[in-house]
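Student: Residue numbers (this note's numbering), protein chains in the order written: chain S, 1 to 115; chain Z, 1 to 115.
Careful, some of the hints might be misleading.
Pairs of lysine to any residue residues, derived as SDA-like cross-links and limited to a Cα-Cα distance of at most 25 Å, are as follows [as the list claims (entries may be wrong)]:
hint, chain 1, residue 1, chain 2, residue 2
1, S, 11, S, 76
2, Z, 68, Z, 55
3, Z, 49, S, 103
4, S, 57, Z, 107
5, Z, 112, S, 39
6, S, 17, S, 115
7, Z, 49, Z, 8
8, Z, 49, Z, 39
9, Z, 49, Z, 86
10, Z, 112, S, 41
11, Z, 49, S, 108
12, S, 57, Z, 3
13, Z, 49, S, 97
14, S, 11, S, 57
15, Z, 58, Z, 7
16, Z, 58, S, 105
17, S, 17, S, 40
18, Z, 49, S, 28
19, S, 11, Z, 39
20, S, 57, Z, 29
FYI, nobody ran anything at the bench for these hints, they're computed from the structure.
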Amino acid sequence: GAGVSQSPSNKVTEKGKDVELRCDPISGHTALYWYRQSLGQGLEFLIYFQGNSAPDKSGLPSDRFSAERTGGSVSTLTIQRTQQEDSAVYLCASSPGPLTSYEQYFGPGTRLTVT
Amino acid sequence: AQSVTQLGSHVSVSEGALVLLRCNYSSSVPPYLFWYVQYPNQGLQLLLKYTSAATLVKGINGFEAEFKKSETSFHLTKPSAHMSDAAEYFCAVSDQAGGGNKLTFGTGTQLKVEL
Chain S
1 GAGVSQSPSN
11 KVTEKGKDVE
21 LRCDPISGHT
31 ALYWYRQSLG
41 QGLEFLIYFQ
51 GNSAPDKSGL
61 PSDRFSAERT
71 GGSVSTLTIQ
81 RTQQEDSAVY
91 LCASSPGPLT
101 SYEQYFGPGT
111 RLTVT
Chain Z
1 AQSVTQLGSH
11 VSVSEGALVL
21 LRCNYSSSVP
31 PYLFWYVQYP
41 NQGLQLLLKY
51 TSAATLVKGI
61 NGFEAEFKKS
71 ETSFHLTKPS
81 AHMSDAAEYF
91 CAVSDQAGGG
101 NKLTFGTGTQ
111 LKVEL
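Model the full structure from these sequences, guided by the hints.
Tutor: Structural data, given as structure tokens:
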């Protein structure tokens, strides 16, 4: 079946511009996670959605970062006024539910380059 | 707060030799531990996980890991390396304190397999 998909696969933007990154989770998965992978910081948790509950935003690095999940499915991560330190690979993962017993399935990521 | 330390950012082995990738964790509660593999330009794939059942966990592709509470370790091993094992490997610990299954990752170990 289809896995987690992310778009675009690559995004180059100028400093100060806004960007939107999209994640399509596996159908039926209620939990969705965003992570960031960068040279300086490694892999970091950003935000977590579970069903219709309020998202866990504890990993968002600044108020320039936001995310939403519409209809419990597709999610969009938005970065406003991008900075060079935002350059990273943004990974999305989904799982059937929030429990540790459920595997997180990762998408291929979106490579963001801020020039 | 939970954390993971992976000793050795780069490990090189000969084909057919033992693979040993080290992971130590810090956790205030009984941990759930994971090993993921990442091939170039791909997302992360789960190799295996420890969720408080058997301390010796077997995963895909011939990998296994042993949970040792006294040593706070969860090292990944494979008896005989194959060229296809060349990839980056991440150890992770689950943080379920706030609900969900947010993962805290180590900095990764790049495995090189030589003829």
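Student: For every hint, state whether the structure bears it out.
Tutor: Structure-based check of each hint:
no. : hint           : in the structure
1   : 11(S) - 76(S)  : 14 Å, holds
2   : 68(Z) - 55(Z)  : 7 Å, holds
3   : 49(Z) - 103(S) : 9 Å, holds
4   : 57(S) - 107(Z) : 22 Å, holds
5   : 112(Z) - 39(S) : 19 Å, holds
6   : 17(S) - 115(S) : 10 Å, holds
7   : 49(Z) - 8(Z)   : 21 Å, holds
8   : 49(Z) - 39(Z)  : 19 Å, holds
9   : 49(Z) - 86(Z)  : 20 Å, holds
10  : 112(Z) - 41(S) : 22 Å, holds
11  : 49(Z) - 108(S) : 21 Å, holds
12  : 57(S) - 3(Z)   : 19 Å, holds
13  : 49(Z) - 97(S)  : 16 Å, holds
14  : 11(S) - 57(S)  : 23 Å, holds
15  : 58(Z) - 7(Z)   : 21 Å, holds
16  : 58(Z) - 105(S) : 19 Å, holds
17  : 17(S) - 40(S)  : 22 Å, holds
18  : 49(Z) - 28(S)  : 23 Å, holds
19  : 11(S) - 39(Z)  : 20 Å, holds
20  : 57(S) - 29(Z)  : 22 Å, holds
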